[in-house]
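Visitor: Protein sequences, first through last, are from chains R and B. All residue numbers for the first sequence refer to this note's numbering, where the first residue is 2 and numbers rise by one. All residue numbers for the second sequence refer to this note's numbering, where the first residue is 50 and numbers rise by one.
Just so you know, the hints here were simulated from the structure itself, not pulled from any lab data. All values derive from a computational prediction rather than experimental measurement. Ideal placement from N, C-alpha and C gives every residue a C-beta, glycine not left out. Misleading hints may appear alongside valid ones.
Far from chain B by the CB rule (all over 12 Å, computed), these chain R residues [stated by the list, open to error]:
no.: 1; residue: Q115
no.: 2; residue: A116
no.: 3; residue: G132
no.: 4; residue: G158
no.: 5; residue: G204
Which residues of chain R face chain B? A partial, calculated answer using Cβ under 8 Å [what the hints assert, rightly or not]:
no.: 6; residue: I83
no.: 7; residue: Q219
no.: 8; residue: L226
no.: 9; residue: S228
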Amino acid sequence: MSRSLLRLVPVAVVAAAVLVGTVAPAVASDLGSYLDEAEASSYAGRQATWSTLDGDTTFGVVSVEHAGSMTMVEGASGDTMIGAGRVFGSSGAVVVHGWSAGSLSDRYQMADPQAVTRLGRDATLLTIQEGDTVRARIWMDDATSAPLGSEVYDGDGSLFRLSYMLDFTPNPTRLYAALRDGGGDFDVALPSDRSSLPATADGYGRLDVYTGPGDAVQAFFTDGLFSFSVFEVQGSVDTTPFAAGSTAKINGSSYLRMLTPTEVWVVWKSGSMSYVLVGDLPPDHLADVLAELPRPSEANLFQRIWRGLFG
Amino acid sequence: MARVKHPDDHCANQDVLSAYLDGELRPGELDEVVAHLTDCLDCVAEFHRIKEMRAALRTLPDLELPERLLPSAHPGPELSALLDGELATIEQEIVLLHLGECDACRSEFHELDAARTAIRSLPGLEPPEFLMTRRDAARARHRSRWRVVTAAAAGMAAAVAIAVGVFGGPPPTSPIDVSQFSDQHNARASLEPGFGVIPVFLSQGEAP
Chain R
2 MSRSLLRLVP VAVVAAAVLV GTVAPAVASD LGSYLDEAEA SSYAGRQATW
52 STLDGDTTFG VVSVEHAGSM TMVEGASGDT MIGAGRVFGS SGAVVVHGWS
102 AGSLSDRYQM ADPQAVTRLG RDATLLTIQE GDTVRARIWM DDATSAPLGS
152 EVYDGDGSLF RLSYMLDFTP NPTRLYAALR DGGGDFDVAL PSDRSSLPAT
202 ADGYGRLDVY TGPGDAVQAF FTDGLFSFSV FEVQGSVDTT PFAAGSTAKI
252 NGSSYLRMLT PTEVWVVWKS GSMSYVLVGD LPPDHLADVL AELPRPSEAN
302 LFQRIWRGLF G
Chain B
50 MARVKHPDDH CANQDVLSAY LDGELRPGEL DEVVAHLTDC LDCVAEFHRI
100 KEMRAALRTL PDLELPERLL PSAHPGPELS ALLDGELATI EQEIVLLHLG
150 ECDACRSEFH ELDAARTAIR SLPGLEPPEF LMTRRDAARA RHRSRWRVVT
200 AAAAGMAAAV AIAVGVFGGP PPTSPIDVSQ FSDQHNARAS LEPGFGVIPV
250 FLSQGEAP
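Please work from the sequences and hints to get the whole structure.
Guide: Right under this line is the structure:
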């Protein structure tokens with residue numbers, strides 16, 4: 002891809018966002034349609050998100066403005082614009098180049114939508130089943146198709162993540178100027194064929210592989226509802242940013258795991274490679290996915306000697 | 050990854066507007082920016098956004114980062130955990146890397162190790178030899194010799210382990226800023242229809 006063409010992409014996408022953001026929602030007949038319409042909706046408001054995992058709980062509030070496929074997130078540490086394959090923020094910007102279309106996994110079924118009221122607005126409650134388990138519930142605003150809230154459940158039926166709008170403004174007017182990026186350099190994640198990870202993991206398809214920061218390689222997986230990326234790094238990674246995390250035993254192996262309100266991070270080393278997983282998948286999916294990825298290395302000879310001698 | 054300049058070259062970017070707010074522009078540059086701001090609504094909006102952001106930042110309380118989270122912080126309790134083999138592989142490498150660079154911590158580590166070894170080598174509750182039978186005395190001498198051999202082997206193994214772990218050095222830690230992983234994941238995930246419904250985004254800097 003030529004440098005000049007790369008320069009044109011953001012402008013085209015912002016223009017597309019403006020156009021798409023004004024399209025009136027159609028009647029959705031299945032979950033995929035609801036998700037597509039939500040992406041095309043236009044709204045603003047404060048969004049609270051709460052997650053819990055093995056006793057760890059995190060909570061965060063951000064201001065969100067969404068139009069078309071672009072979302073502006075205003076948090077305590079600055080503004081970030083996300084959408085259409087790009088993230089622009091105060092500390093940097095990245096654009097992924099090229100992507101493969103995925104589809105919603107057939108392991109999800111949607112129960113009959115229910116008419117409810119949320120934030121004083123007419124809404125539709127969608128219940129997404131995975132077999133006999135409720136996997137997620139989503140409240141959609143009838144007038145705009147915007148998501149007013151969502152719940153994600155672990156495989157045992159416990160609540161894993163709760164997100165809801167504290168206030169809601171449909172079709173805000175100040176979006177489009179704010180969606181313009183302030184300028185500066187951005188990194189481009191180019192397609193790569195260097196991933197050693199499997200093509201599927203627990204029903205998640207590896208849709209794309211990109212070059213990452215440094216020598217890292219990003220493999221992106223999704224099942225159409227949740228997604229995660231695994232970054233493969235030669236050698237070790239600096240785990241200082243994961244100081245808030247803790248060691249978790251998953252499938253009998255030890256991983257460094259950290260929970261943020263909207264993401265779960267898992268770091269481990271296998272052989273000469275380090276792996277960093279980041280995504281929004283629920284805990285039981287995470288365990289099943291990790292079972293299909295390279296396992297953490299066992300203790301080396303000297304560590305075993307040391308433990309044998311000193312316990 | 051390729052690094053690319055932003056396409057809006059004709060517009061004043063954030064750096065220029067920041068320099069303007071800081072009074073760091075030269076006279077020629079200042080005139081250009083002022084002229085541009087009079088007829089570019091986007092840049093005026095951007096200018097006000099930066100200004101508001103700065104004002105908001107000034108009102109934030111100072112947060113003290115816990116010392117243990119500082120990259121240069123000394124491991125402390127982790128040294129004991131290292132001796133106990135309780136650190137995760139990656140944590141262990143971080144501590145070993147620090148030990149390779151910090152004389153104070155290396156000294157503390159050796160003292161801690163020596164103290165533990167001394168405690169383990171304290172005499173047990175075996176009776177004096179003159180109170181034993183001849184066979185018991187022979188067994189005790191054998192155990193004593195075995196303990197010496199074991200201690201020597203342990204000392205050698207520990208020395209080798211420290212030499213390999215500390216001075217041989219674990220592979221160097223990658224200088225990658227993992228917060229970029231979150232951005233790159235979210236950039237790709239934003240192409241998925243489920244992304245905006247099940248929120249997976251937070252402001253930069255709130256991820257690791």
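Visitor: Run every hint past the structure and note whether it holds.
Guide: Results of checking the hints against the structure:
1. At roughly 17 Å from the closest C-beta of chain B, the C-beta of R:Q115 stays outside 12 Å, upholding its exclusion from the interface.
2. Interface exclusion of R:A116 from chain B stands, the closest Cβ pair being 19 Å apart, more than 12 Å.
3. Taking the minimum C-beta to C-beta distance to chain B, about 19 Å, the non-interface status of R:G132 holds against the 12 Å cut.
4. Against the 12 Å criterion, R:G158 stays outside the reach of chain B, whose nearest CB is about 18 Å from its own CB.
5. With a minimum CB-CB distance of about 14 Å to chain B, R:G204 clears the 12 Å threshold, and the non-interface call stands.
6. Look at R:I83: its Cβ gets to within about 5 Å of chain B, closer than 8 Å, so that hint holds up.
7. With 8 Å as the threshold, the beta carbon of R:Q219 comes within range of chain B, its nearest partner Cβ sitting at about 6 Å, so the hint holds.
8. Evaluation of the R:L226 hint against chain B yields a held restraint, the C-beta minimum of about 5 Å falling below 8 Å.
9. For R:S228, the interface hint holds, the least distance from its beta-carbon to any beta-carbon of chain B being 5 Å, beneath 8 Å.
In the structure shown, no violation is registered for any of the earlier numbered hints.
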